[in-house]
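For the protein sequence lines, the chains are S and P, in the order given. For reference, each letter of the first sequence is one residue, going 156 to 354 in the working numbering. For reference, each letter of the second sequence is one residue, going 624 to 693 in the working numbering.
Wrong hints could be hidden among the right ones.
[Claimed, not checked] Here chain S is said to cover these stretches of chain P; the calculated rule only asks that three of the stretch's residues, wherever they fall, bring their Cβ under 8 Å from a Cβ of chain S: (1) 638-645; (2) 656-665.
[Claimed, not checked] Below 27 Å or equal to it, Euclidean Cα-Cα: the simulated DSS-like pairs (lysine-lysine) are: (3) S:Lys-166 / S:Lys-214; (4) P:Lys-625 / S:Lys-166; (5) P:Lys-660 / S:Lys-214; (6) P:Lys-625 / S:Lys-164.
FYI, nobody ran anything at the bench for these hints, they're computed from the structure. Positions of the beta carbon are idealized from the N, C-alpha and C atoms, including for glycine.
Chain by chain, the residues run as shown.
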Amino acid sequence: MMTSATHNKAKPGLWAGLFASNMAVIAVLFVTGAIEPPTPYILMVLNAVLLVPVIRTGKRLQAERGAMTRAVARYNRRFLSFAAIYSVAMMGSALAADRMEWTPPAMWLLAVVPMIPAFGMIWAIMQYLREETDEYLRHRAVNSAVVGLGFVLVLGTGWGFLETFGLVPHIWAWWVFPAWAIGLGVGMAWPERSAGDAA
Amino acid sequence: MKNRLRVLRAEREWSQQDLADRLDVSRQSVNAIETGKYDPSLPLAFKIADIFGLAIEEIFLREVAEEAAE
Numbered sequence: 156m157m158t159s160a161t162h163n164k165a166k167p168g169l170w171a172g173l174f175a176s177n178m179a180v181i182a183v184l185f186v187t188g189a190i191e192p193p194t195p196y197i198l199m200v201l202n203a204v205l206l207v208p209v210i211r212t213g214k215r216l217q218a219e220r221g222a223m224t225r226a227v228a229r230y231n232r233r234f235l236s237f238a239a240i241y242s243v244a245m246m247g248s249a250l251a252a253d254r255m256e257w258t259p260p261a262m263w264l265l266a267v268v269p270m271i272p273a274f275g276m277i278w279a280i281m282q283y284l285r286e287e288t289d290e291y292l293r294h295r296a297v298n299s300a301v302v303g304l305g306f307v308l309v310l311g312t313g314w315g316f317l318e319t320f321g322l323v324p325h326i327w328a329w330w331v332f333p334a335w336a337i338g339l340g341v342g343m344a345w346p347e348r349s350a351g352d353a354a
Numbered sequence: 624m625k626n627r628l629r630v631l632r633a634e635r636e637w638s639q640q641d642l643a644d645r646l647d648v649s650r651q652s653v654n655a656i657e658t659g660k661y662d663p664s665l666p667l668a669f670k671i672a673d674i675f676g677l678a679i680e681e682i683f684l685r686e687v688a689e690e691a692a693e
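Generate coordinates for the entire structure from the input sequences, incorporating the hints supplied.
Here you go:
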């Protein structure tokens, strides 16, 4: 029996697009000096709340497309949990660093606090690739991860050269994970080619 | 790679979900294989063949054989 996919279809792309465009606006404002720390961090953390509807509608779409497996369900739960912890940790650390004087060892602690849940999100993705028993879905996820990797390499290498010649300001290296995740998302959303072109 | 999955499924009156359940894969996988977007691994191809009680080459068609037949 066909599912009623045409009725009230889930649109995670809209939420993801909103999330990405907000991030881009925050990044531009930050790079141009229009906003100063901690404002960009707070805005980024608040923007991370949008990941909740991204994942919720994403789950609905996965179910509608017949792509919901036990590994996907576990991944969604883990990633969402780490993203929530990350949001709180990032906001807490950024505010604490801005408001108070900290000794160098305590500063290390503040830096590590958001790092752990961020590593958790990366771990959730790696676990998914290990646990997914559906070979087609795993194949798609691996291909998408490579798209994300390509995105990061192009952006990073390009930006690096522009920075070397003093054309753009320096940016912190943690941008690689959101950039990779955007590439991953684009790869997952991209429709597969039909017969003959499949890798 | 072209295949006869849709026809074989229709003969048995199975939906994509029915076949997916028998193969223990997602419906999206069955759809991707059926439409030629994804070529299954050899173990999965054998599993598909077993379910239909046919040989792999009776389900999946070699491009070379097709060209020769034309």
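Going down the list of hints, with the structure as the test:
1. 638-645: holds (count 4)
2. 656-665: holds (count 8)
3. S:Lys-166 / S:Lys-214: holds, 10 Å
4. P:Lys-625 / S:Lys-166: Distance ~32 Å between Lys-625 (chain P) and Lys-166 (chain S) Cα, so the pair is violated.
5. P:Lys-660 / S:Lys-214: holds, 23 Å
6. P:Lys-625 / S:Lys-164: Roughly 31 Å separates the two Cα atoms, so the pair is violated.
In this structure, the earlier hints numbered 4 and 6 are contradicted, and the remaining ones agree with it.
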